[in-house]
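Protein chains in written order, with this note's numbering: chain A, 1 to 421; chain B, 1 to 274; chain C, 1 to 325.
Treat the hints as calculated values from the structure; they're not laboratory data.
From the three backbone atoms N, C-alpha and C, an ideal C-beta is built for every residue, glycine too.
Among the hints, a few may not be true.
Claimed, not checked - Computed cross-link-like contacts, EDC-like style, restricted to lysine to aspartate or glutamate with a CA-CA straight-line distance of at most 16 Å:
hint: 1; chain 1: A; residue 1: LYS397; chain 2: C; residue 2: ASP273
hint: 2; chain 1: A; residue 1: LYS34; chain 2: B; residue 2: GLU58
hint: 3; chain 1: A; residue 1: LYS142; chain 2: A; residue 2: ASP279
Said to hold, decoys possible - Residues of chain A placed beyond 12 Å of chain C at every Cβ, according to the derived structure:
hint: 4; residue: GLN72
hint: 5; residue: GLY77
hint: 6; residue: LEU94
hint: 7; residue: SER103
hint: 8; residue: ASP146
hint: 9; residue: ALA157
hint: 10; residue: ARG164
hint: 11; residue: LEU165
hint: 12; residue: GLU189
hint: 13; residue: TYR243
hint: 14; residue: LYS280
hint: 15; residue: ASN355
hint: 16; residue: ASN367
hint: 17; residue: GLN393
hint: 18; residue: ARG398
hint: 19; residue: ARG414
The chain contents come next:
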Amino acid sequence: MSRLIASFAAAAGILASTSAFAVEISISCSALGKEYEICKQGVDAWAQRTGNTVKIVSTPNSATERLALYQQLLAAGAGDIDVFQIDVVWTGTLGNHLLDLTSKAQNIIGDHLPAMVETSRVDGKLMAVPWFADAGLLYYRKDLLDKYKRPVPQTWADLTETARLVQEGERKEGRNEFWGYTWQGRAYEGLTTNALEWIASNNGGTIVDEKGEVTIENPKAIEALKTATGWVGTITPEGVLNYTEEEARGVFQAGNALFMRNWPYAWALAQGPDSTIKDKVGIAPLPKGGADGRHAGTLGGQLLAVSKYSKNAAAATDLVLYLTSESEQKRRAVQGSFNPTIVTLYGDADIAKANPFIGDLVDVFSNAVARPATVTGQNYNKVSTEFFNAVHQALSKRAEPAQALNRLDRDLKRIKRNGWQ
Amino acid sequence: MTILARIGFWLLVIVIAVFALFPFYYAIISSFRSGSALFSVAYLPESFDLSNYFAVFERQPFGWNILNSIIVSGCVVAISLALGITAAYAFGRIAFRGRSLLLMTILAVSMFPQVAVLSGMFELIRAFGLYNTLPGLILANLMLTLPFTVWVLTTFMRELPKEIEEAAFVDGATPWIVVRRVFLPLMAPAAVTTGLLAFIVSWNEFLFALTFTLTNERRTVPPAIALMSGSTAYELPWGTIMAGSVIVTIPIIALVLVFQRKIVAGLTAGAVKG
Amino acid sequence: MIMSGAVAEAEIPVRTTARGKRSSLTRSRIRAAWAFIAPSLIVLALIAGWPLLRTIWFSFTDANLNDLSDYKIIGFENYLAKYDDEWFGVLTEPDWWRSVWNTVWFTLVSVSIETMLGIVVALILNAAFPGRGLMRAIILIPWAIPTIVSAKMWNWMLHDQFGVINDMLLRIGLIAAPITWTANPDTALWTAVMVDVWKHTSFMALLILAALQMLPQDIYEAAKVDGVSPVRVFFRVTLPLIKPALLVAVIFRSLDALRVFDLIYVLTSNSKDTASMSVYARQQLVDFQEVGLGSAASTLIFLIIALLVVITLAAGRVRLGEDPR
């Protein structure tokens, strides 16, 4: 009996401390595996602090399947998931179904990487809060660069030359399956990120500029695409035209490539205990287009957003603010190598101890190039699909780069017909 | 001649078996491997490392997922066959006006791409209050299996000789009794085959299963496998996915081994006719 | 046949009474027919009616996934429309027509191969040999692995650098350099056909096997006695008898192949060069949120498939209203 009273009292205490009814919040923040564990620890901490309960809804690993599921739920106005983890390029697509967080997050939003904040906005309104960042990186084999006495390439021309040289050398030694450079060339969003890096680093713009003008048909972009087309079949296996991140990593991880373009996740795996290339790998910013070009890794990462149909929007917003806070982002960076979006964390000693290269990343992130998702809004997926298909056509030599970009320019203008929104 | 024919026959059997089995065999080998090993080729298992199999069950309620799949597929097959056999009797054995039109209408249901039907079905399931429940999935899957079941069974029904039922009708049996006593036993091979195929269709169904369920405990096997992930969203946990795939194939193999006798057992239409 | 002839002869003397009895029997049988069909029809109408009508309805609107409640009816503009002297609509999209051609080609090739191979497999499984039960299970395994997994599995096995297929072919010496199976649009569709054949031949084989099993045995015995060669028996006797079942199997396999999505999507993603009709429709509906356009594409898929089915049925001389033999 006394125990019962005690538990009542405890319950009353929780109620009093949160000064509201405890509610259940559903969050989609992972597929399963390690990502799930880390998300779970975060939401549990929040649940304990506020007395609410949190349910994690696992969503598929593949981004396309995840987006389709979100759209289905949101289009039906279903409030089954309160907090959504969304990709940086989905804000415009889903924005109409998300809660405006501008006023709630105005105090903290200035701490985040500006480029990440930009991807969270729709028409100037903040529809999501940045959670973790990603950007394209160049992975290289330290041992092989030493062996051939080549520096880490600063321009794409350097990279091409070094890759050719090392590939020739390795093949002479009988390693017939050795390649210079692997990346993601499949006709999917990943090719958009890759191709944008080539073009932006060569000062060829970002497909659509921030004013909404289609800028893709320019000599710099054509030149960048020509360079990339030249790789296929020479320093890059022809199969790259159907590689996603893991297929590209497979070649590199097996020790069969000198360079690889990939996201930061590949680092931990390349350094894993069973890795054949452990301690032989280095990372660097992606090369510049030329002497006057710039380092440009495409910005990726995930945001947290609150559904407009959530029945507990206040609690859900609180959860989002908690999960994106400095302490939680630090915990996630230390335990799960999720790159923080809060700028000051890049100088944090604990994170630096867990991820030695975090200091290098801050430059990569601050120079990162964003896909034109904010300006094209609803139409981003169309723009991206036309873009990666045009690039794919050029790479598979079914169209000349200039011709492919010319057609792309026409198609994009057709999509833009009545403005982007 | 016979020796040569026999060698040829067995050669053909082996070639077909290898073609059918090799990917499955490779899946089994892959399920014992992990990490970087998956990026190289192996023809024989190097070790029997079962950690991927444990991981499948540790990270999610995979036992429940399999059970859900069995329940959903089992119910779908039972309902499809029950509805299909009666409808097939009517379509195949009784002449009535509008028969062809009805058959075409039923077939038309199978002519829309699944993704187009998805949104409407989602609204329907929610309207019925069946979201995130197994009955919702069963209902949705019926749309995939029922037209097929009705059509196949009708075809087989029509193939049976006319005399079969006439004797029964002369004896004053009702159509229902004729279906149960006369046709059901005769249709066994066709019904088992159709049921087996319907079971697999439902077992493999992914899009509905993903969209109409929310919690891991309610999910069926295909979305459960799609949820498996490595430490980040990009990493593909190949070994675990293969282990999951191997596990879910076993119930199907068991089912085939149990029911395959029935595919042949029931039928001696000639005997009835004679 | 002989027996029914005898029955008819015997009936002649009592014709007048029999006719009255028969028509009431017919009426009651027709009533029974409707009672038997009703449950299936009700279930199908319940589950498929709304989603299908909704798709057709949306194809005449400018609905967007952004806000499904806010749309207006625009007639046939999703199919074909002219603004400022420029044609718009699904029917004017080269990408759409490419996907139609890809799908039809894919269906023709894969279903033809599956049919032939299916007959061979069914004949094997129909023969009595030790291990027949096991063989039945083996050929069903490809079908038992969920497509989302098996397509990815093939993608892995077909990888140009570390895929087992290239490795095997290189070792045997059939090829000199690794083949880029899925990366090259020219080989990608053939690769899709190969995987589809691997996966779906068992569907054909099993249905044909059931048809074989339902054939009366006496025909074969007669043929055996007459010493007719097995090949002739197959083409003269077996094939015509299993034709209806074969046709239904072909129709349903074609329906699936014409709506192919997972396989092509996993193998080649959103590449325009290999997209199928369903990939196109999904892209409009989901990626681009264009519910109107996507529904129009879906309705067109329906119409194309319906047309092809009618052609197939006509070519196969199937009369749906046919009586039992």
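Quick rundown of the hints versus the structure:
no.: 1; hint: LYS397/A <-> ASP273/C; verdict: holds, 13 Å
no.: 2; hint: LYS34/A <-> GLU58/B; verdict: holds, 12 Å
no.: 3; hint: LYS142/A <-> ASP279/A; verdict: holds, 8 Å
no.: 4; hint: GLN72; verdict: violated, 8 Å
no.: 5; hint: GLY77; verdict: violated, 8 Å
no.: 6; hint: LEU94; verdict: violated, 9 Å
no.: 7; hint: SER103; verdict: holds, 23 Å
no.: 8; hint: ASP146; verdict: holds, 24 Å
no.: 9; hint: ALA157; verdict: holds, 25 Å
no.: 10; hint: ARG164; verdict: holds, 18 Å
no.: 11; hint: LEU165; verdict: holds, 20 Å
no.: 12; hint: GLU189; verdict: violated, 9 Å
no.: 13; hint: TYR243; verdict: violated, 8 Å
no.: 14; hint: LYS280; verdict: holds, 19 Å
no.: 15; hint: ASN355; verdict: holds, 28 Å
no.: 16; hint: ASN367; verdict: holds, 29 Å
no.: 17; hint: GLN393; verdict: violated, 8 Å
no.: 18; hint: ARG398; verdict: violated, 7 Å
no.: 19; hint: ARG414; verdict: violated, 8 Å
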